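Mind docking chain L on chain Z? Use the hints.
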Amino acid sequence: MSRPDPIRVLVLSVVKHDYVARGVASHPRFELAVVADDANQPDWVHERNEEFAREHGIPYVRDIEKAIAEHGVRVAVVSSEAERHCDLSVRAADAGLHVIQDKPMSNSVSECDRVVEAVERNKVKFLMWNRNLLPALVKAKEVIDRGDIGTPCAIHVDFYFAKDAGPPKGSLDPGAAPLDWLEFLKAAHATGADGGVGKVPMGELSIEGCYPLAYIALLCGAQARRVFARTTAHFHQLCADNDVEDLATVTLEFEDDLVGSLAIGRIGNASHPDIGEIKLRVLGSEGALVISEARPEVSIYYRDQPETEFKSQRLLAEDNDYLLADNFLRAIETDSPSILDVRTSRNITAMVAAAIESGRSGKVVEVG
Amino acid sequence: MGDLSLQIALIGHPDELPARLEALRRVRGGKVTVTADSMAAVPGGDGAFDAAVVDSSADAARAIAAGKHVLVAAPAADSIEETESLLRAAEEAGVFLAVGGLPGNTPANRVILDRLSSGKLGEPGLLRVHCWSGESNRSLVSKLYGHIDLVIRFFASSPAELYCVARGDQSYLQAHLGFAGGGMAVLDFSDRLPAGQGYDSLSLVGSSGAAYSDDHHNSHLLFTGGHPAALIDNSGDGVLFEVQRFVDAVAGEETPPSDSEAILTVHRVLDAIGRSSESHQVLHERGGIYEPA
Chain Z
71 MSRPDPIRVL
81 VLSVVKHDYV
91 ARGVASHPRF
101 ELAVVADDAN
111 QPDWVHERNE
121 EFAREHGIPY
131 VRDIEKAIAE
141 HGVRVAVVSS
151 EAERHCDLSV
161 RAADAGLHVI
171 QDKPMSNSVS
181 ECDRVVEAVE
191 RNKVKFLMWN
201 RNLLPALVKA
211 KEVIDRGDIG
221 TPCAIHVDFY
231 FAKDAGPPKG
241 SLDPGAAPLD
251 WLEFLKAAHA
261 TGADGGVGKV
271 PMGELSIEGC
281 YPLAYIALLC
291 GAQARRVFAR
301 TTAHFHQLCA
311 DNDVEDLATV
321 TLEFEDDLVG
331 SLAIGRIGNA
341 SHPDIGEIKL
351 RVLGSEGALV
361 ISEARPEVSI
371 YYRDQPETEF
381 KSQRLLAEDN
391 DYLLADNFLR
401 AIETDSPSIL
411 DVRTSRNITA
421 MVAAAIESGR
431 SGKVVEVG
Chain L
656 MGDLSLQIAL
666 IGHPDELPAR
676 LEALRRVRGG
686 KVTVTADSMA
696 AVPGGDGAFD
706 AAVVDSSADA
716 ARAIAAGKHV
726 LVAAPAADSI
736 EETESLLRAA
746 EEAGVFLAVG
756 GLPGNTPANR
766 VILDRLSSGK
776 LGEPGLLRVH
786 CWSGESNRSL
796 VSKLYGHIDL
806 VIRFFASSPA
816 ELYCVARGDQ
826 SYLQAHLGFA
836 GGGMAVLDFS
846 DRLPAGQGYD
856 SLSLVGSSGA
866 AYSDDHHNSH
876 LLFTGGHPAA
886 LIDNSGDGVL
896 FEVQRFVDAV
906 AGEETPPSDS
916 EAILTVHRVL
926 DAIGRSSESH
936 QVLHERGGIY
946 EPA
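From first to last, the protein sequence lines are chains Z and L.
Remember, my numbering sits 70 above the position in the first sequence when you count from 1.
Remember, my numbering sits 655 above the position in the second sequence when you count from 1.
Bear in mind the hints are in silico, worked out from the structure with no lab data behind them.
Be careful, since some hints might not be right.
[What the hints assert, rightly or not] Label pairs and their calculated CB-CB ranges:
id, chain 1, residue 1, chain 2, residue 2, range
1, Z, T378, L, S711, 49 to 55 Å
2, L, G942, Z, S355, 40 to 46 Å
3, L, G836, Z, D75, 58 to 64 Å
4, Z, E388, L, E916, 55 to 61 Å
5, L, H935, Z, A139, 52 to 58 Å
6, L, H935, Z, T404, 49 to 55 Å
7, L, A917, Z, E212, 45 to 51 Å
From a predicted model like this one, the values you see are computed outputs, not experimental measurements.
Note that beta-carbon positions come from the ideal geometry of N, C-alpha and C, so glycine has one too.
Chain Z on its own, in the form it takes in the complex (with noise of 0.2 Å):
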C-alpha cells in the first residue's frame, strides 16, 4: 500500500528562528518545497531565506505568487516578521493554502481579524505555532479533563525567559543614543533570541504572551472579558529606549467566574540556570496542580561548562514540533479545528492589546 504523497509546504519568509518549518519538516507527510517571500523586502530579508532554502535543497522565490503557482503547494508557513504575519497569512489563504503562522499572530487585533476573515472565507485552515503539545502541557490537559481537580477556578502562569537583551538599563551614558530595535534584533538571530525582530518595537506580553495565554485557552477554553496589567521595562536598556515592556503581570477575568494570572518577563541570564521558570498553577473546585512546564529534564553538570548552556536539558521538547504538525495534518484531513486555530489565536491578541493598553493607563480594559 502506498503512501500518500506528501503535502507540499510554501515556506513564506523565514527571517527570525525558523524552528516552525522546522517543526513542520519533521513530520514524514510534510515536504518543505519552496521559500518565496516578496521581492520588495531589504536585502538581510533576502539573505535569510537565501540561507535556509540552500540549507534545505530548495528553491528561493522572490516572489510569492509565483512561487504558489509554480510549486504545487497546500500549505504556507508564515515566519517573517510579526508585522508582516497577517498580511502573508491573508495572501496565502486568499491562495487557498491552509496557515502554519509564527507568533505572535500579529500586533494588531484588527490585522488579526483579517486573517479570521480570510482563513473563513476560503475554508483553510490555520495553526499558531505554540507550546501546548510538550508532555508538561499534555499532561496537565489530561489531569483537568479527568476531572482530577474538579473544575477550574483560578490559572496561573509564570512564562520568565531568562536571557537577556542587550545592555543592562541605566548601564549606559546618559547621553547615550537609544539603541536601534532592528538593528538589535537583526543581531540577535545567532542566538535565536530574535523573536521580536522587525521595525516595530515589540514588548515581552507581544513577542512570548502567546504561549501562557494558549496554555490558559488549552486547559479552560475561556476567553478574558478584562485584563489589568502592570507593565515596565525593568532589565534592558533596549526596551526601555523603545519604549516597550520587559516584566509585566496581568490578571485576567474570564467568563463563568474564572480567574486567572500571567506574570511574564525577559529576566536576564543571571536569574535561573536554565531557560527560566515556567510553571502553571490551576486550582479547580476539588483540588489543585502545580507543574513545572521544563519537565521531564536532565541535568549535566561538567568543568568549564559555558554559562550561557542550561544545566538542565529538556527531554522530548521536539515532540511538540512533531505533535503540532500531526495535529495540523489531521485537521486538514478530517475538516476539523487545530489545537490553536485562528479565532483562538486572534482571542489571545486581543487579550494582548488589552493587557498592554492596561499597563500604559493603569485602568482595567475589557478585551476587544
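Frame of chain Z, contents of chain L only:
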C-alpha cells in the same frame, strides 16, 4: 542580660503549644515559664511572667493591661481601629507590642530579604505569591496580613495602586499591586484546597537576580502504591527568630521589632484590598489613603 532570663508566658491552642515550646527552648535570655490556652487561664496570674507570646488580640490587650510586653500573632487585631487602640495602650503602659507569625521571618524569606538588601538581586521588579490551604474561617485580614507585610518589606514601600478580584465570599482572592518605579506584585490566596496540607510559593525577580521559594521544589516522594504522594518538607517557621528578637528588644539589646506606622500601613493596604475586590475598581494611594482614580 547575664543570668536573668525573661520569663515568658506562651499562650496558644493546646495542639500547637508542644511544638512551639520545644522550638523556644533555644531562646537565649528568655524562658517559657508558663503555658495556657488564654491569658485568663494563666496559672498564678500576672505575676508569673514578664512578657507574653499570644495569638489573639484579646489576649494581647489583657497582657498590655497587666503591664507585660507582648508578641502577638499577626494580625494584632482585625480592624485598624482595634490595632490603633492596642498600640496606644502599649505605648501608655510603656510596653512593647510586637507582631509575629510573619512570613517575612521564615528562614527562606530571611535569606531572600538578605540577598535583596545586599543588592545581589538588584531592584525588585516582580513578586509572585501563591498561598493555598484547606477551608478556614479566618478573616481576610488574618489570611493576608503577613504577606502584605512581606510585600511592603520587599519593595520598601506600600503599593501605589492595587486591583483585587475575589470569588466565593473571598475564599479566593487575588491582589495585584503596583509600586512607584514600576515594581509589581501578584498574590493569590485560596482556602479551597481539600483538607490537608497547603501550598506556598514565592518568587521574587529583581533587576540582576531572582529568588524562588516553592513547596514544589521542596517536595519528597512517597510510594505506597498507585501514584506517589508529594511530601512537602517543612522549611521552618519564624517563631524562634521572632521570639529571640522580641526577647532581645525587651532586654534593650535590639531595637523593638515592630513599628507602629508599619503595622497600620499594612492594615490600610488590607482595607484597600477588600474595597477593591468589592468595588471592582483600581485604587490609588494618595497621602496614605487608597481611592479610585
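58 to 64 Å as the expected CB spacing between D75 of chain Z and G836 of chain L, which holds or is violated = Taking Cβ atoms as reference, G836 of chain L and D75 of chain Z lie about 60 Å apart, which means the hint holds.
Taking the CB of A917 of chain L and the CB of E212 of chain Z, does the distance hold inside 45 to 51 Å?
-> holds (46 Å)
Taking the beta carbons of H935 of chain L and A139 of chain Z, is their distance inside 52 to 58 Å?
-> For A139 of chain Z against H935 of chain L, whose Cβ atoms are near 55 Å apart, the range 52 to 58 Å holds.
Can you let me know if the beta-carbon spacing of T378 of chain Z and S711 of chain L is within 49 to 55 Å?
-> holds (54 Å)
Can you let me know if the beta-carbon spacing of E388 of chain Z and E916 of chain L is within 55 to 61 Å?
-> The hint (55 to 61 Å, Cβ to Cβ) holds, given that E388 of chain Z and E916 of chain L are roughly 56 Å apart.
Check the following: the C-beta atoms of H935 of chain L and T404 of chain Z are separated by a distance inside 49 to 55 Å.
-> For T404 of chain Z against H935 of chain L, whose Cβ atoms are near 43 Å apart, the range 49 to 55 Å is violated.
S355 of chain Z and G942 of chain L - C-beta distance against the hinted 40 to 46 Å = holds (42 Å)
In this structure, only the earlier hint numbered 6 is contradicted, and the remaining ones agree with it.
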